[in-house]
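Quick note, the sequence shown lines up with residues 102 to 295 if you use our numbering.
Source of the hints: derived by calculation from the structure; they are not laboratory data.
All values reported here derive from a predicted model rather than from experimental measurement.
Here a beta-carbon is modelled for each residue, glycine too, at the ideal position from N, C-alpha and C.
One thing to keep in mind: the hints can contain errors.
In silico lysine-lysine, DSS-like type, Cα no more than 27 Å apart, as pairs [said to hold, decoys possible]:
1. Lys255 - Lys275
2. Lys137 - Lys255
3. Lys275 - Lys251
4. Lys172 - Lys251
5. Lys275 - Lys172
6. Lys174 - Lys212
7. Lys137 - Lys215
8. Lys174 - Lys283
9. Lys212 - Lys283
10. Lys212 - Lys251
11. Lys137 - Lys251
12. Lys131 - Lys172
13. Lys212 - Lys137
14. Lys212 - Lys172
15. Lys137 - Lys172
16. Lys131 - Lys174
17. Lys251 - Lys215
Listed next, with one range per pair, are the computed distances between beta-carbon atoms [claimed, not checked]:
18. Asn139 - Ser258: 48 to 54 Å
19. Pro225 - Ser133: 35 to 41 Å
20. Phe134 - Glu284: 46 to 52 Å
21. Thr138 - Gly269: 22 to 28 Å
22. Val194 - Gly277: 15 to 21 Å
23. Tyr239 - Lys275: 31 to 37 Å
24. Arg254 - Ser136: 22 to 28 Å
25. Lys131 - Met188: 27 to 33 Å
26. Met188 - Gln271: 26 to 32 Å
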Amino acid sequence: MKRIVLGALTTAVLAASPVAAEFLSSKSSKASFRSKTNVLDTRAKQQYNNSVRLAPQKVYTPSKWGDGSFKGKYNGPYLPMAREAAMRNGVPVDLFLKLVQQESGWNASAKSHKGALGLAQLMPETARRLNVDPLDPYQNLDGGARYLAKQYRKFGSWRLALAAYNAGPQAVRKYGGVPPYKETQNYVRVILGI
């Protein structure tokens with residue numbers, strides 16, 4: 102008899118508590134599950150995808166779809182200059198050629214709506230810090246390759262170096278990875294071919 106009373110009393114106390122009521126109610130359990138699943142499917146997924154620490158190492162291997170090398174149609178006088186600038190500064194050549202293609206389409210007099218200049222689209226302040234003339238194609242390409250190499254040394258991956266080149270290193274630091282800007286995410290995706 103004592104056990105029955107003790108069991109009934111325990112059930113009554115647990116059923117009266119708000120925590121137990123939530124677990125005993127199937128509607129609130131389903132709502133809670135949906136809410137938590139939604140967080141995992143949206144915000145947590147985005148945080149994971151942009152995380153530097155959790156990002157798996159990328160391995161690029163040739164495939165029937167291509168090997169990640171530059172396949173642009175441009176074959177003008179700036180191509181050898183860009184190759185040399187990349188090699189001089191320790192930047193993968195194909196990566197840098199794709200960057201120039203994406204930044205300016207090989208137009209040495211290109212100017213963006215934000216004021217970036219030349220083939221590698223250097224901002225005037227960045228060009229000053231690098232001590233290059235952004236309107237001189239040779240210096241612009243060398244400055245762009247140097248700046249990209251600097252971002253690589255700072256962040257430890259070409260993916261983040263490209264994000265910093267496009268959105269600025271402060272944005273990569275702020276978000277702990279590729280910033281959630283559509284332009285930057287697309288920029289990185291197009292250049293890396295992923």
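Subject >> Proposed proximity, Lys251 with Lys137 (alpha carbon, max 27 Å) >> reply: It is violated: about 40 Å lies between the C-alpha atoms, which goes past 27 Å.
Subject >> Lys251 paired with Lys215 [C-alpha distance capped at 27 Å] >> reply: holds, 22 Å
Original post:
Within 48 to 54 Å or not, the Cβ separation of Asn139 and Ser258?
Top reply: At 30 Å between Cβs, range violated.
Subject >> Restraint check for Lys255 with Lys275, where alpha carbons must lie at most 27 Å apart >> reply: Roughly 14 Å separates the two Cα atoms, so the pair holds.
**OP:** With a cut-off of 27 Å on the C-alpha distance, tell me whether Lys275 and Lys251 pass.
**Re:** Judged against 27 Å, a Cα distance of about 18 Å means the pair holds.
Subject >> Holds or violated: Lys174 to Lys283, with C-alpha atoms at most 27 Å apart >> reply: Between Lys174 and Lys283 the Cα gap is close to 26 Å, so the pair holds against 27 Å.
**OP:** Kindly confirm whether 31 to 37 Å is satisfied by the beta carbon distance between Tyr239 and Lys275.
**Re:** The hinted range 31 to 37 Å holds for Tyr239 and Lys275, with Cβ atoms some 34 Å apart.
**OP:** Take a quick look at whether Lys131 and Lys174 sit within 27 Å of each other, Cα to Cα.
**Re:** Violated. Lys131 to Lys174 sits at ~55 Å, over the 27 Å cutoff.
Original post:
Does the alpha-carbon distance linking Lys212 and Lys172 stay inside the 27 Å limit?
Top reply: holds, 24 Å
Original post:
Given the proposed pairing of Lys212 with Lys251, does the C-alpha separation stay at or below 27 Å?
Top reply: holds, 23 Å
**OP:** Hint says 15 to 21 Å; check whether the CB-CB distance for Val194 and Gly277 agrees.
**Re:** Violated: the Cβ-Cβ distance is about 29 Å, outside 15 to 21 Å.
Subject >> Pair hint Lys137 and Lys215, alpha-carbon separation not exceeding 27 Å >> reply: violated, 40 Å
In summary, the structure is inconsistent with hints 2, 5, 7, 11, 12, 13, 15, 16, 18, 19, 20, 21, 22, 24 and 25 from the numbered list given earlier, while agreeing with the others.
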